[in-house]
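Produce the complete structure using the sequences and hints provided.
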Amino acid sequence: MGSFLFDFFAIFTVICAVGTVVNKNAVNAAMCFLLCLVGVAGLFVQLDAYLLAFLLLLVYAGAVVALFLFIIMLLDVQGKSAVSFRRLSTAAAVIAAGLLAVGLCSFAIHGHLDAPNPNYASGVGAALKPYAYQLFTLYLLPVQIMGFLLLIAMLGVIVLSKKIDPAEGAK
Amino acid sequence: MFDFFFNFHPVIQALIKGLAVVLVIFPLAGACSLAERKVSAWMQGRPGPNRAIVPWFAYIPFLGTFLQRLGVFHLMADGAKFLFKEEPVPGHVNKLYFVLAPALAMMPAFTTVTVVPFGAYFDGAGHAIPLALANVDVGLLAVFAVSSLGVYSLILAGWASNSKYPFLGSVRASAQLISYELSMTLSVVPVFLWINAPGTPGTMSLAKVVEFQSLPGFWGGTWFIFLMPLSAAIFLISLFAETNRQPFDMPESESDLVGGFHTEYGAFKWSLFFVAEYSHMLVGSGVFTLLFLGGWNPLPWIPLADFVAWLHGLLGSAVILHPLFVGVLSIAIFLGKVLVLIFFFMWVRWTVPRFRYDQVMKLGWQKLLPLAIANLIFYALAIAWVQTR
Numbered sequence: 097m098g099s100f101l102f103d104f105f106a107i108f109t110v111i112c113a114v115g116t117v118v119n120k121n122a123v124n125a126a127m128c129f130l131l132c133l134v135g136v137a138g139l140f141v142q143l144d145a146y147l148l149a150f151l152l153l154l155v156y157a158g159a160v161v162a163l164f165l166f167i168i169m170l171l172d173v174q175g176k177s178a179v180s181f182r183r184l185s186t187a188a189a190v191i192a193a194g195l196l197a198v199g200l201c202s203f204a205i206h207g208h209l210d211a212p213n214p215n216y217a218s219g220v221g222a223a224l225k226p227y228a229y230q231l232f233t234l235y236l237l238p239v240q241i242m243g244f245l246l247l248i249a250m251l252g253v254i255v256l257s258k259k260i261d262p263a264e265g266a267k
Numbered sequence: 142m143f144d145f146f147f148n149f150h151p152v153i154q155a156l157i158k159g160l161a162v163v164l165v166i167f168p169l170a171g172a173c174s175l176a177e178r179k180v181s182a183w184m185q186g187r188p189g190p191n192r193a194i195v196p197w198f199a200y201i202p203f204l205g206t207f208l209q210r211l212g213v214f215h216l217m218a219d220g221a222k223f224l225f226k227e228e229p230v231p232g233h234v235n236k237l238y239f240v241l242a243p244a245l246a247m248m249p250a251f252t253t254v255t256v257v258p259f260g261a262y263f264d265g266a267g268h269a270i271p272l273a274l275a276n277v278d279v280g281l282l283a284v285f286a287v288s289s290l291g292v293y294s295l296i297l298a299g300w301a302s303n304s305k306y307p308f309l310g311s312v313r314a315s316a317q318l319i320s321y322e323l324s325m326t327l328s329v330v331p332v333f334l335w336i337n338a339p340g341t342p343g344t345m346s347l348a349k350v351v352e353f354q355s356l357p358g359f360w361g362g363t364w365f366i367f368l369m370p371l372s373a374a375i376f377l378i379s380l381f382a383e384t385n386r387q388p389f390d391m392p393e394s395e396s397d398l399v400g401g402f403h404t405e406y407g408a409f410k411w412s413l414f415f416v417a418e419y420s421h422m423l424v425g426s427g428v429f430t431l432l433f434l435g436g437w438n439p440l441p442w443i444p445l446a447d448f449v450a451w452l453h454g455l456l457g458s459a460v461i462l463h464p465l466f467v468g469v470l471s472i473a474i475f476l477g478k479v480l481v482l483i484f485f486f487m488w489v490r491w492t493v494p495r496f497r498y499d500q501v502m503k504l505g506w507q508k509l510l511p512l513a514i515a516n517l518i519f520y521a522l523a524i525a526w527v528q529t530r
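So the sequence lines, in the order shown, correspond to chains R and F. Position one of the first sequence corresponds to residue 97 (my numbering), numbered consecutively onward. Position one of the second sequence corresponds to residue 142 (my numbering), numbered consecutively onward.
Calculated directly from the structure, the hints in this document are not laboratory data. In this text, a Cβ means the ideal position worked out from N, Cα and C, and glycines have one as well. One or more of the hints may lead you astray.
As the list claims (entries may be wrong) - Computed beta-carbon distance windows for the label pairs: (1) F/Met-248 x R/Phe-203: 33 to 39 angstroms; (2) R/Lys-225 x F/Leu-164: 33 to 39 angstroms; (3) F/Ile-270 x R/Val-110: 38 to 44 angstroms; (4) R/Leu-246 x F/Ala-275: 45 to 51 angstroms; (5) R/Ile-248 x F/Ile-524: 30 to 36 angstroms; (6) R/Val-110 x F/Leu-164: 35 to 41 angstroms; (7) F/Leu-211 x R/Ile-107: 27 to 33 angstroms; (8) R/Ser-202 x F/Gln-154: 31 to 37 angstroms; (9) R/Leu-246 x F/Val-163: 39 to 45 angstroms; (10) R/Ile-107 x F/Phe-466: 47 to 53 angstroms; (11) R/Val-110 x F/Ile-524: 43 to 49 angstroms; (12) R/Val-198 x F/Leu-371: 57 to 63 angstroms; (13) R/Ile-205 x F/Ile-524: 54 to 60 angstroms; (14) R/Phe-203 x F/Trp-526: 49 to 55 angstroms.
In structure tokens:
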């Protein structure tokens, strides 16, 4: 049954991911993305990474996609005809897609995965303590750098979006 | 006595247990809507709903009129009305999402129930075994994660309705619910800092929180509302905002948005939104009870085990110690606290006027969030100081 559920969630996730990309209606795409995240959370549960599954739901499904929908509704982007592609971007897209396809094919033919390490099977993502321990020891620097990047991005958004009135700035 | 139940396939057992819980939550949520009308009437000095009665009930002396005055038949009348009314689907809506939204409102409300423990019994060795559909280690995170999905029903309802007031309501809902989720999550962190002492395996389990509040001794038996009053206050205020209760009901706000996100809805779909809202309140109050009000412990400093032993000494009957009796008693205590909290929700609703939207945002971001962070830092330092001594 576990294997069946894993296959189900895997196929479900891929279908929803495809739906996210091909949907023209922005709200439909966001809902497909939401279902895709739920599918990934289901895969995490199948892999005994309960903590990761719920964190994914809490942060991405609960807040990030809701913000996406908020922005989509606020800008009301749906219904507008898409901008037609330029020749250069079309060529770039074709080359990128070709590279991706070649990479996937070569991975499917030549690649092989190592057998999972039995010592590692209990999973860092299963419970709070091992997860937090890894976060604050092994991955401390990447976490800090990511936080810093996000802070800079936030400052950038504030600078770009706030129109400073010269008269007010002089005060 | 119950061997036949344990002979079933585990999936069927789980299904039966799940159905039993839903069969309690759904009518309770419906009864809350009646209670809301009765409580509001009581607070405003009106009799409230007191007319509807099934014809042959009127012939029962005392009981018939008592039930009529209590208004219990209005509940049935409302249910029947919602079921048999015409379901209007306006022509300008996005049909798929319009129909999906009320169903989506129910799903998180009922899914969160699975991880909320609601009682306990004692095994032979005297250990408390929590009663829950799924006693998972990530308990509270699961509640937060699944209940945060509830915002989609409001967003989709407003967007799919394709008219102005519902749209405004859903835009408000998405901003408000995300804002208050932050302070809500931060406000409970001190509780888990306290129960996850150094050297113990980390847990987010709600049953563990109750276990900590039933320890012997002064500090062990203290409910966390006394130990961390500010956390409890922030959590409760955020709970009001998360469940769209007045004074935070910006998404529906009938004085300026007609009906907000549900303006275009009618009949059973409309009532589903409200059953979902009351289910959210029930689950939210349940979580508050577990975190800050000692769960199924009857009084502060009197854990369930002591209470059962005292009752046993008083009545001298062996039935008291039977796990079934203890289980039912603990569920009754837990539900009693939840219902008191529900009354508190209604009390506030009919006392405090609705905020303006900018006030809601200002309260969330400029007052509650810094307060929650300051609270967290204070308790982190205090707990580090206490637990290392």
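Consistency of beta-carbon spacing, F/Ile-524 to R/Val-110, with hint 43 to 49 angstroms:
For R/Val-110 and F/Ile-524 the Cβ distance comes to about 45 angstroms; the hint holds.
Taking 31 to 37 angstroms as the stated bounds, is the beta-carbon spacing between R/Ser-202 and F/Gln-154 within them?
violated (49 angstroms)
Holds or violated: the 30 to 36 angstroms window for the beta-carbon distance between R/Ile-248 and F/Ile-524?
holds (32 angstroms)
Could you say whether the range 45 to 51 angstroms given as a hint is met by the Cβ separation of R/Leu-246 and F/Ala-275?
At roughly 34 angstroms between Cβ atoms, F/Ala-275 and R/Leu-246 fall outside 45 to 51 angstroms, so the hint is violated.
Just tell me: holds or violated, for the beta carbon distance of R/Val-198 and F/Leu-371 against 57 to 63 angstroms?
holds (59 angstroms)
Can the suggested window of 33 to 39 angstroms be confirmed for the beta-carbon pair R/Lys-225 and F/Leu-164?
holds (37 angstroms)
Verdict for R/Val-110, F/Leu-164 (Cβ pair) under range 35 to 41 angstroms:
holds (37 angstroms)
Could you say whether the range 27 to 33 angstroms given as a hint is met by the Cβ separation of F/Leu-211 and R/Ile-107?
violated (53 angstroms)
Is 47 to 53 angstroms a correct range for the gap between the Cβ atoms of R/Ile-107 and F/Phe-466?
holds (48 angstroms)
Does 49 to 55 angstroms hold as the CB distance between R/Phe-203 and F/Trp-526, or does it fail?
Holds, since R/Phe-203 and F/Trp-526 (Cβ atoms, about 53 angstroms apart) stay within the stated range.
Between R/Ile-205 and F/Ile-524, does the C-beta distance stay in 54 to 60 angstroms?
Holds, since R/Ile-205 and F/Ile-524 (Cβ atoms, about 56 angstroms apart) stay within the stated range.
Range agreement (Cβ of R/Val-110 with Cβ of F/Ile-270, hint 38 to 44 angstroms):
Holds, since F/Ile-270 and R/Val-110 (Cβ atoms, about 41 angstroms apart) stay within the stated range.
When the structure is compared with the earlier hints, violations turn up for hints 4, 7 and 8 and for no others.
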